[in-house]
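Q: These are the residues of each chain, in order.
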Amino acid sequence: MSEFKKKIECILPGKQWEELYDTSHLPPKQSDVVIVGGGILGLSVAFWLKKLESRRGAIRVLVVEQDHTEHLAVVDAPLVDLRYNPSGCLLLASEKDAATLENNVKMQRQEGAKVCLISPEQLQNKFPWINTEGVALASYGMEDEGWFDAWSLLQGLRRKVQSMGVLLYQGEVTRFITSSGQMQTPSGEQVVLRRINEVHVKMDKSLEYQPVECAAVINAAGPWSGQVAELAGIGKGLPGTLQGTKLPVEPRKRYVHLWHCPQGPGLETPLVADISGVYFRREGLGSNYLGGYSPTEEEEPDPTNLEVDHDFFQNKVWPHLAQRVPSFKTLKVQRSWAGYYDYNTFDQNGVVGPHPLVVNMYFATGFSGHGLQHAPGIGRAVAEMVLDGQFNTIDMSPFLFTRFYLGEKLQAYNIL
Amino acid sequence: MAAPRAFLRLGAREWNARARGIHSMSEPVTPDSSRKKRTLLQFLSDYFHDIHALREYLLRKQILKGNRKNRSFADIQEKYGPYVTGALFILKQGGAVKFQDKEWIRPNERGHFPTEFLEFRKVPVEAVDASGCAINYQGMSNLLPLKELRFLSLQCCPNVDDWCLSRLYLLADSLQELSLAGCPQVSERGLACLHHLQNLRRLDISDLPAVSHPGLTQILVEEMLPHCEVLGTDWAQGLKLEPDQQPQNTPSPVSP
Chain C
1 MSEFKKKIEC ILPGKQWEEL YDTSHLPPKQ SDVVIVGGGI LGLSVAFWLK
51 KLESRRGAIR VLVVEQDHTE HLAVVDAPLV DLRYNPSGCL LLASEKDAAT
101 LENNVKMQRQ EGAKVCLISP EQLQNKFPWI NTEGVALASY GMEDEGWFDA
151 WSLLQGLRRK VQSMGVLLYQ GEVTRFITSS GQMQTPSGEQ VVLRRINEVH
201 VKMDKSLEYQ PVECAAVINA AGPWSGQVAE LAGIGKGLPG TLQGTKLPVE
251 PRKRYVHLWH CPQGPGLETP LVADISGVYF RREGLGSNYL GGYSPTEEEE
301 PDPTNLEVDH DFFQNKVWPH LAQRVPSFKT LKVQRSWAGY YDYNTFDQNG
351 VVGPHPLVVN MYFATGFSGH GLQHAPGIGR AVAEMVLDGQ FNTIDMSPFL
401 FTRFYLGEKL QAYNIL
Chain W
1 MAAPRAFLRL GAREWNARAR GIHSMSEPVT PDSSRKKRTL LQFLSDYFHD
51 IHALREYLLR KQILKGNRKN RSFADIQEKY GPYVTGALFI LKQGGAVKFQ
101 DKEWIRPNER GHFPTEFLEF RKVPVEAVDA SGCAINYQGM SNLLPLKELR
151 FLSLQCCPNV DDWCLSRLYL LADSLQELSL AGCPQVSERG LACLHHLQNL
201 RRLDISDLPA VSHPGLTQIL VEEMLPHCEV LGTDWAQGLK LEPDQQPQNT
251 PSPVSP
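So the sequence lines, in the order shown, correspond to chains C and W. When you line the first sequence up against full-length UniProt numbering, it's residues 1 to 416, in that order. When you line the second sequence up against full-length UniProt numbering, it's residues 1 to 256, in that order.
The set of hints was computed from the structure by calculation and includes no laboratory data. Idealized CB from N, CA, C, for every residue including glycine. A couple of the hints might just be wrong.
What the hints assert, rightly or not - Here are the computed distance ranges between Cβ atoms for each label pair:
{"no.": "1", "chain 1": "W", "residue 1": "L58", "chain 2": "C", "residue 2": "L372", "range": "30 to 38 Å"}
{"no.": "2", "chain 1": "C", "residue 1": "E102", "chain 2": "W", "residue 2": "E223", "range": "26 to 34 Å"}
{"no.": "3", "chain 1": "C", "residue 1": "G277", "chain 2": "W", "residue 2": "K102", "range": "53 to 61 Å"}
{"no.": "4", "chain 1": "W", "residue 1": "K92", "chain 2": "C", "residue 2": "G369", "range": "44 to 52 Å"}
{"no.": "5", "chain 1": "W", "residue 1": "Q62", "chain 2": "C", "residue 2": "Q30", "range": "51 to 59 Å"}
{"no.": "6", "chain 1": "C", "residue 1": "N305", "chain 2": "W", "residue 2": "Y57", "range": "47 to 55 Å"}
Said to hold, decoys possible - Which chain C residues face chain W? A few, computed with CB under 8 Å, are given here:
{"no.": "7", "residue": "R83"}
{"no.": "8", "residue": "Y84"}
{"no.": "9", "residue": "N85"}
{"no.": "10", "residue": "P86"}
{"no.": "11", "residue": "S87"}
{"no.": "12", "residue": "E143"}
{"no.": "13", "residue": "D144"}
{"no.": "14", "residue": "G266"}
{"no.": "15", "residue": "L267"}
{"no.": "16", "residue": "E268"}
{"no.": "17", "residue": "L271"}
{"no.": "18", "residue": "L285"}
Said to hold, decoys possible - Chain W side only, calculated, beta carbon under 10 Å to chain C, not exhaustive:
{"no.": "19", "residue": "L88"}
{"no.": "20", "residue": "R167"}
{"no.": "21", "residue": "D173"}
{"no.": "22", "residue": "S174"}
{"no.": "23", "residue": "Q176"}
{"no.": "24", "residue": "E188"}
{"no.": "25", "residue": "R189"}
{"no.": "26", "residue": "A192"}
{"no.": "27", "residue": "H195"}
{"no.": "28", "residue": "H196"}
{"no.": "29", "residue": "S212"}
{"no.": "30", "residue": "L216"}
{"no.": "31", "residue": "T217"}
{"no.": "32", "residue": "E223"}
Next up, chain C with everything else stripped away, as it sits in the complex (with noise of 0.2 Å):
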């Protein structure tokens, strides 16, 4: 009686009339935009496109999620609370990075930051629980700063683009069906560019597929962003042309511990980033502090799973803790997890923007763990891209695809 019901439901004004069986579970047949991956990347991207556009209703956007979880004020709903803790950021630095840390202050400052740098003295003051040897100066920001739940703004954001009117589904981009042309570059070459016409979605545990016509793709896949990449055909040609040059994003597992330690540092402690590389920040009101520590290339974990390597803290994350503050030397580890970095192996910077080649599919990825901070940066770039052709609010040119292929590396004066 039920699917008599729904067949009738099918039939009735505003639902999707299809003859055979009922699809109100798949994507829709057209999307001017098809976003791949519902990561905050996507979700922004999405936000900034229903924003930025001419007329209410004019964009079509589909966001295709593989594995599914003031601006931001939806009606009727209760504000986002992001659990910002406004606590500040500590960098140190040794004798050797000390000339760096002092340009990059003095460049946020120029943009408006409120950072500050402090010498070892003042910071054994203002912190008694840390130990500054072989600290030669220290940033911290002193407003406006801090950490805050991503899990929360994530959730924020999909409701509020939701409220928008964008479309998300679950599901698997497996194919990419494109149509090609010749054309020529003044020089008299010929080039090969490419349009992606349609995407197939594959449904969740089910062979069942849906062709989603599109007029643009942006790949927001994050780790993954490289095989997608890959099922558009690019990478696919000789290497050392464009053609040939491949995405260079690849998933790379980070872990992070969470332990407990009684005497630890109180309740002003900001995120502290040690010389050696390794982090740590405050987490709630129970002495308990989370961190980690990113490994070098030699001794980079097997991304193929997310099994924590518990060594990895004992050997290399604890030495560096305990000489920094001394009352870690007592800390108990409570909890350790493992995630993947969207990790851009050319320079460790992000990749926004369109491919030359395949004109339709933009970027919005490879930020090798710094994606979250620029989230909403990156999509009005991307949004403003799609719609205007052009970079209007802040310049991404740097940030092109096309340094992969002329080799120019986009380098970050970062000390961590």
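Dock chain W against the given chain C, drawing on the hints supplied.
A: Relative to the frame of chain C, chain W by itself:
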């Protein structure tokens, strides 16, 4: 604000509960919000896109109105100086201000205040009572140039949150008394950045509904600010008396 001050002193939660219907678009989740009656507009907006767009427009207008109240008085600051600008901002919001060696200036029930303080260009402001005002993060920038401010009361301000507290470090040299009692959006994360205020002697952090563990937070704040007297929660709050711990004036049933 035009509303009477007594009305505002009721506290932010009751204020939100009273301003229902068309005016409260995105409220904090309170226990009775799920059981409240839906208004006609809310019912209609589930069925008509136009009504939904209208409600979104009204929500945006409400946010813009709040922003306008907290705009930066930079042009007045150029002409009259930082002290007069700060005082004007607070008085327009409905708070009270006290210049050094002068009396408290408060707006009356109609929102009017005496304007003789416009002459006090060089006289520093030493106390500000912004209880119940709609001051927010943007509006704080009008208060921060008051470098000799000693007393600041932000009791029951509905828009003061952790972000605002992170800006208070600019008043660290002079601020001696701070009151945050009853602010619904201040949590322990914002209290953590009060460690810059080393000259603080009295801090009132009672009745903060967003703080998850008031007793523990008070202990940690006291450790963080050793020279400051912290007024927090009443220690016996939440303790229920057991039957055998009844007050002593009940006669014992069995005499030894």
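Q: Could you run down the list of hints and mark each one as holding or not?
A: Verification of the hints:
no.: 1; hint: W:L58 / C:L372: 30 to 38 Å; result: holds, 32 Å
no.: 2; hint: C:E102 / W:E223: 26 to 34 Å; result: holds, 33 Å
no.: 3; hint: C:G277 / W:K102: 53 to 61 Å; result: holds, 56 Å
no.: 4; hint: W:K92 / C:G369: 44 to 52 Å; result: holds, 45 Å
no.: 5; hint: W:Q62 / C:Q30: 51 to 59 Å; result: violated, 36 Å
no.: 6; hint: C:N305 / W:Y57: 47 to 55 Å; result: holds, 50 Å
no.: 7; hint: R83; result: holds, 7 Å
no.: 8; hint: Y84; result: holds, 6 Å
no.: 9; hint: N85; result: holds, 4 Å
no.: 10; hint: P86; result: holds, 3 Å
no.: 11; hint: S87; result: holds, 5 Å
no.: 12; hint: E143; result: holds, 5 Å
no.: 13; hint: D144; result: holds, 7 Å
no.: 14; hint: G266; result: holds, 6 Å
no.: 15; hint: L267; result: holds, 4 Å
no.: 16; hint: E268; result: holds, 4 Å
no.: 17; hint: L271; result: violated, 12 Å
no.: 18; hint: L285; result: holds, 5 Å
no.: 19; hint: L88; result: violated, 24 Å
no.: 20; hint: R167; result: holds, 6 Å
no.: 21; hint: D173; result: violated, 14 Å
no.: 22; hint: S174; result: violated, 17 Å
no.: 23; hint: Q176; result: violated, 19 Å
no.: 24; hint: E188; result: holds, 6 Å
no.: 25; hint: R189; result: holds, 4 Å
no.: 26; hint: A192; result: holds, 5 Å
no.: 27; hint: H195; result: holds, 4 Å
no.: 28; hint: H196; result: holds, 8 Å
no.: 29; hint: S212; result: holds, 7 Å
no.: 30; hint: L216; result: holds, 5 Å
no.: 31; hint: T217; result: holds, 6 Å
no.: 32; hint: E223; result: holds, 6 Å
The structure is inconsistent with the numbered hints 5, 17, 19, 21, 22, 23, although it conforms to all the rest.
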